[in-house]
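Protein chains in written order, with UniProt numbering: chain A, 1 to 440; chain B, 1 to 440.
To be clear, the hints were calculated from the coordinates, so they are not data collected in a lab.
Note that the coordinates shown come from a computational prediction; the quantities given were computed from them, not determined experimentally.
C-beta: ideal position from N, C-alpha, C; glycine also.
Certain hints may be false.
Below are the EDC-like pairs computed for lysine to aspartate or glutamate, each with C-alpha atoms no more than 20 angstroms apart in a straight line [stated by the list, open to error]:
#1 A/Lys173 <-> B/Glu273
#2 A/Lys170 <-> B/Glu273
#3 B/Lys170 <-> A/Glu273
#4 A/Lys170 <-> A/Glu273
#5 B/Lys173 <-> A/Asp280
#6 A/Lys363 <-> A/Glu396
#7 B/Lys6 <-> B/Asp64
#8 A/Lys438 <-> B/Asp64
#9 B/Lys438 <-> A/Asp280
Listed below are several chain A residues computed to face chain B (Cβ distance under 10 angstroms; list not exhaustive) [as the list claims (entries may be wrong)]:
#10 Gln278
#11 Ala285
#12 Glu295
#13 Thr407
There are 2 protein chains.
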Amino acid sequence: MADALKIGIAGLGTVGASLVRILQERHEALATTCGRAIEITAVTARDRNRDRGVDLSAMTWHDDALSLAETADIDVFVELMGGAGEPALSAVKAALSRGVHVVTANKALLAAHGIALAGLAEEHGALLNYEAAVAGGIPVIKALRESLTGNTISRVYGIMNGTCNYILTKMEKEGLSFEACLKEAQRLGYAEADPAFDIEGNDTAHKLSILTSLAFGTAIAADDIYLEGITNISIDDIHAAADLGYRIKLLGVAQRTDSGIEQRVHPTMVPLESVIAQVDGVTNAVAIESDILGELLMVGPGAGGNATASAVLGDIADIAKSRPGAQHVPAFGRPVTALLPYKQAQIQSHEGGYFIRLKVLDKTGVFASIATRMAENRISLESIVQHSKHPVETGEPQTIILVTHATTEESVRKAVAAIKSEGYLVGDPQVIRIERPKTA
Amino acid sequence: MADALKIGIAGLGTVGASLVRILQERHEALATTCGRAIEITAVTARDRNRDRGVDLSAMTWHDDALSLAETADIDVFVELMGGAGEPALSAVKAALSRGVHVVTANKALLAAHGIALAGLAEEHGALLNYEAAVAGGIPVIKALRESLTGNTISRVYGIMNGTCNYILTKMEKEGLSFEACLKEAQRLGYAEADPAFDIEGNDTAHKLSILTSLAFGTAIAADDIYLEGITNISIDDIHAAADLGYRIKLLGVAQRTDSGIEQRVHPTMVPLESVIAQVDGVTNAVAIESDILGELLMVGPGAGGNATASAVLGDIADIAKSRPGAQHVPAFGRPVTALLPYKQAQIQSHEGGYFIRLKVLDKTGVFASIATRMAENRISLESIVQHSKHPVETGEPQTIILVTHATTEESVRKAVAAIKSEGYLVGDPQVIRIERPKTA
């Protein structure tokens, strides 16, 4: 059997402690599978004295991650600290700079510095593995980086934030408000005390930027993502969607178009009978559409200490199975010098169907006016629904829901602006994009 | 850049021709991704003169696969001939015996000889990759063999035969009979002229036997699979299932139980709202339940020249990215000597819910008798439905449908036999097992 693979772990939170426990408990089985033992030789974390329920006595303790990365006797540096900046950034750089492989679950770090780190990895013959950074336990990085080699990818999209999916699922199933479901998510530990990063879509955007680079062979462009969170979604939208045969999900979508690459994170209507519409609660899902393989959808746990640890372990095992210096797996699918510049498509040129919910004064001619504004912008309608609570005209505001055939964001924005200027709207219109899976 | 990876392809049918075309058209892009070119240096097929729409002039033609495997100047032997026996078997053995890696899409070969071939691969330091052999383009082999390293797997199940799923989907959507849908599948090329291998479940069984070995680390036991096809499923079953909140799918299921491993292929009721229930038409899906990661479900194309070629290409690219002699990836997840013996659980001890449809004479006391026979076998019922076409007793046979809570196959068989002996049954009872995904 080959020499043991020596790993150092930086960060002993939920994921780190799970990983230590699993590596210890399954030492023999892993050695059999990998053809060599995996030994944790060094660890670091914020607090040396905290009881994590695991035995660290056989490992060298480092007071900081940089010292571990720079000096420990390790083959792999496992970064589980999180955060786009220090101390993770310098520690990962230090490890790669001396040819030590890096396994990380840190999406923020990769979204901000992924290409620079990939370059460093290539330069020093090290691997940079990060399966756990996107959609937790779902092996989407491996699918894009390995299984789909040779495919040209047209679209990647998915449910990549469990907090948002939990809230949207609960709103629909129990008829509760966004606020009530957010509170419940916080109570269960599915949402942070400050939930903005999840519910405004930033977390999904970080993950999407990594998938975009892998899928299209471009530089990471985490700042060029169109972003809408779910705070604006009401139970009325969810009910209206269901009536029309749709369900609302927060999707991250990266798509190749004639004018560049679209990266969008926003509430999205997906057909009720589609597979992804059935993905409930904190579960994640990622779909990849490619020209040779076709459509691949993967569904699984997107977060949690164990699921994340499993993905990290898979990355470590891949290194253990390869012999040192023996592999060529560029971090983002192709060498950094072969990555293409990222050309952003403007959201205005986005093409697709739209759901538009309008609250209007109950006046003669409103319907005709709306239809005219749509026609003027060459928007054809799949359906128009008026939900009236009152059988006869009462002067109370009415809700009108439009579902458009494929059109452009620009046309929709113009039509909605024109409708707004007519003076019969009550409150703001709600506009939700529709996304259709390629197959069923 | 490293030396080119030289491959020989045996079999130039739909998949083989797709593969040649893709390797030629995407030569540069693949070289960038893999860090070395992939060159087809040798080919063989049944008919040298057939026009396959691809240029074979740069390759050495071999009249038979064995000569190619034994003598060609290749690093990888790609076996796309199919069939459990010759000429595939000897050719693959010959390639492995001289340390040439093998990539194959041949499920029948692996089901029959997988472990022997894996042993040969290990002995000679070669890789045996077979992503395309199970569920076509879905990277389930990679997920089990790599991503889930360290996990203990409890159940693997899935829709692995597109023909059956197409027929069942069409029956439900269009209210047609099994025979009518089979004919349509044959017309569209989704079913063979002799469809028995697909519709009787044998194809699914081959694939399941490979997944079982990978999932549980056991020897392949393709002959120890409980098998029921879909020929017995009527449109009445499908409607009754829908009424009760279920959909019928042909599943292959491998499950660890206290008494051994269950391998079963049979029509299965899955909850309508589950993700796998939404997998329609020729699409495949495989779910893996494991202790660290949780549940992972993958959905994608299970057959077709391109999807299969994509999986084969992924396997070739994995070899191209590794340097010769530099990897340790046992074909079935652990070295052949570390594989456990397969211990078969008897179908009689299977535990789960059951759907039972009985056609009975319209006599007083029948309902009570059925309920009594169930109770005598300690079977508790989730629901009982009587579908009567007639509002009053007419003497016409009635249909009674039972859905049980979790019970054993043995109890159900005893109860059904007891009911049969009562003399009020018309025709044979229909019994369909219920399978529940772990999550939602």
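Hint by hint, here is what the structure shows:
1. At roughly 12 angstroms between alpha-carbon atoms, lysine 173 of chain A and glutamate 273 of chain B fall within 20 angstroms of each other, so this suggested pair holds.
2. At roughly 15 angstroms between alpha-carbon atoms, lysine 170 of chain A and glutamate 273 of chain B fall within 20 angstroms of each other, so this suggested pair holds.
3. With a CA separation close to 15 angstroms, the supplied pair lysine 170 of chain B and glutamate 273 of chain A stays within the 20 angstroms bound.
4. For the hint linking lysine 170 of chain A to glutamate 273 of chain A, the alpha-carbon distance of about 19 angstroms falls within 20 angstroms, and the restraint holds.
5. For the hint linking lysine 173 of chain B to aspartate 280 of chain A, the alpha-carbon distance of about 24 angstroms lies beyond 20 angstroms, and the restraint is violated.
6. Distance hint between lysine 363 of chain A and glutamate 396 of chain A is fulfilled; the C-alpha atoms sit about 9 angstroms from each other, no more than 20 angstroms.
7. A hinted pair counts as satisfied when its Cα atoms are at most 20 angstroms apart, and lysine 6 of chain B with aspartate 64 of chain B qualifies at roughly 18 angstroms.
8. Distance hint between lysine 438 of chain A and aspartate 64 of chain B is unfulfilled; the C-alpha atoms sit about 41 angstroms from each other, more than 20 angstroms.
9. For the proposed pair lysine 438 of chain B and aspartate 280 of chain A, the alpha carbon gap of about 13 angstroms is at most 20 angstroms, so the pair holds.
10. The interface hint given for glutamine 278 of chain A holds, since its Cβ lies 5 angstroms from the closest Cβ of chain B, which is under the 10 angstroms cut-off.
11. Hint on alanine 285 of chain A holds. Least Cβ distance to chain B is approximately 8 angstroms, under the 10 angstroms limit.
12. At a threshold of 10 angstroms, the smallest CB-CB gap from glutamate 295 of chain A to chain B is about 6 angstroms, leaving the interface hint in force.
13. The beta carbon of threonine 407 of chain A is not positioned within 10 angstroms of any beta carbon in chain B (closest approach about 28 angstroms), and the interface hint is therefore violated.
Hint violations for this structure: numbers 5, 8, 13, all remaining hints satisfied.
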